[in-house]
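Number of protein chains: 2
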Amino acid sequence: MYNFPSKLVENAVNELSKLPGIGKKTALRLVLHMLKEENNYSTAIGESLIRLRKEITYCTSCHNISDSETCLICGNPQRDHGVICVVEDVRDVMAIENTNQYRGIYHILGGIISPMDGIGPGDLTIQSLIDKVSKGEVKEVIMALSATMEGDTTNFYIYKKLKEFNITITTIARGIAIGDDLEYTDEVTLGRSLINRTPYENSLVR
Amino acid sequence: MYNFPSKLVENAVNELSKLPGIGKKTALRLVLHMLKEENNYSTAIGESLIRLRKEITYCTSCHNISDSETCLICGNPQRDHGVICVVEDVRDVMAIENTNQYRGIYHILGGIISPMDGIGPGDLTIQSLIDKVSKGEVKEVIMALSATMEGDTTNFYIYKKLKEFNITITTIARGIAIGDDLEYTDEVTLGRSLINRTPYENSLVR
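First to last, the sequence lines map onto chains S and A. FYI, my numbering numbers position 196 of the first sequence as 196, with every residue one higher than the one before it. FYI, my numbering numbers position 19 of the second sequence as 19, with every residue one higher than the one before it.
A couple of the hints might just be wrong.
Same chains, same label: a pair holds when it works inside one copy or across any pair of copies.
Unchecked claim - With a straight-line cut-off of 27 angstroms between C-alpha atoms, the simulated DSSO-like cross-links for lysine-lysine are: (1) Lys36 x Lys132; (2) Lys160 x Lys132; (3) Lys132 x Lys161; (4) Lys163 x Lys139; (5) Lys7 x Lys18; (6) Lys36 x Lys161; (7) Lys7 x Lys25.
It should be emphasised that the hints constitute simulated quantities derived from the structure, not laboratory data. All values derive from a computational prediction rather than experimental measurement.
All chains should be modelled from the sequences, with the hints used to inform the complete structure.
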């Protein structure tokens, strides 16, 4: 393979291609695009990435990414601080906030128990969740993790740790997605949706 | 849409999603990936992008990206400086160098005439090519642009500018790619490959 004509380009391509889903060809395309744009274009991108890691802070209560010590959700007195929704990362918070159906607070685990990737309970913020619950002001913990093997494992681990406290532990409903055809739904989901059937009045989409 | 929990994240996502082929969702995925990695990971990426644009230099002769005033190809006395291959950008140079079939030098246009994108002849390095040819040391100019409408337009424009000089102007051969099936080749390519048929001896892949 012919070498890059410039060490600067080679370096930028190597750095960008470390990102997930970006290979050498894509990285070179991005680098050439940046070189064609105005001077401050790639500088702005570069500076935003450097500042990102240097200045980022996390909410001390829910561990969400935040610009202040307490995030906007934890700092909002109108939210129900007695209900905690446990999620994997900030994308899940954004997805749930977009539903406009939730008024409690969150707890961000920062990942999911996955022995295959070398992620154990100690790498997550589970102890901090237990500490929060042990203060006695929490009434309900809603587990909102992915419906995967790793999600189920994490649910079970946290359930075992929290069951000694006098709180309700729930998981978000698994079932047929709205708009989905019954005949194309897999058996496990269909089976679960029968077991966890809900009163008709609750099924009306508000 | 729920806002990002942090201005830093929002800024990084906005900057990254300016890149071609990267939308907001991908940008957020990349940002969260960078936050999970070690501290110097995103810093290294950011710094490589800032240095890229600040320190980049171009070969004064062929306009290729280069770390020095004259690129390694133009500065190589063993290359044939009487043959110039005209290409769109550095990726084409890399592709041609990888064939090991070319010993001449290059001229990088920095784009292609494309009225749709607002790119005219003045935005490219065509005048510099004419200046180089007018010095009288060039014997042949090989046009190696994409076989598209824009490529053909650029070929024609440069041909008109160069035909007054006593040089050979050629284009790279259009035809059926090696390994391709005749029956799946489009009519235009097949027609061209008949018109521009080559002596059998030349067709043997060396």
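Going down the list of hints, with the structure as the test:
Taking CA atoms no more than 27 angstroms apart as the test, Lys36 paired with Lys132 passes between copies only; the shortest distance there is 24 angstroms, against 52 angstroms inside one copy. For the homomeric pair Lys160 and Lys132, the shortest alpha-carbon distance inside one copy (16 angstroms) is at most 27 angstroms, but the shortest distance between copies (77 angstroms) is not. Taking CA atoms no more than 27 angstroms apart as the test, Lys132 paired with Lys161 passes inside one copy only; the shortest distance there is 12 angstroms, against 76 angstroms between copies. Taking CA atoms no more than 27 angstroms apart as the test, Lys163 paired with Lys139 passes inside one copy only; the shortest distance there is 12 angstroms, against 84 angstroms between copies.
For a Cα distance limit of 27 angstroms, the shortest separation of Lys7 from Lys18 qualifies both inside one copy, at 17 angstroms, and across copies, at 24 angstroms. Proximity of Lys36 and Lys161 under a CA criterion of 27 angstroms is satisfied inter-copy only: 25 angstroms between copies versus 55 angstroms inside one chain copy. For the identical chains of this complex, Lys7 and Lys25 are intra-copy neighbours only, at 16 angstroms inside a copy versus 31 angstroms across copies, given an alpha-carbon limit of 27 angstroms.
The structure fails none of the hints (numbered hints given earlier).
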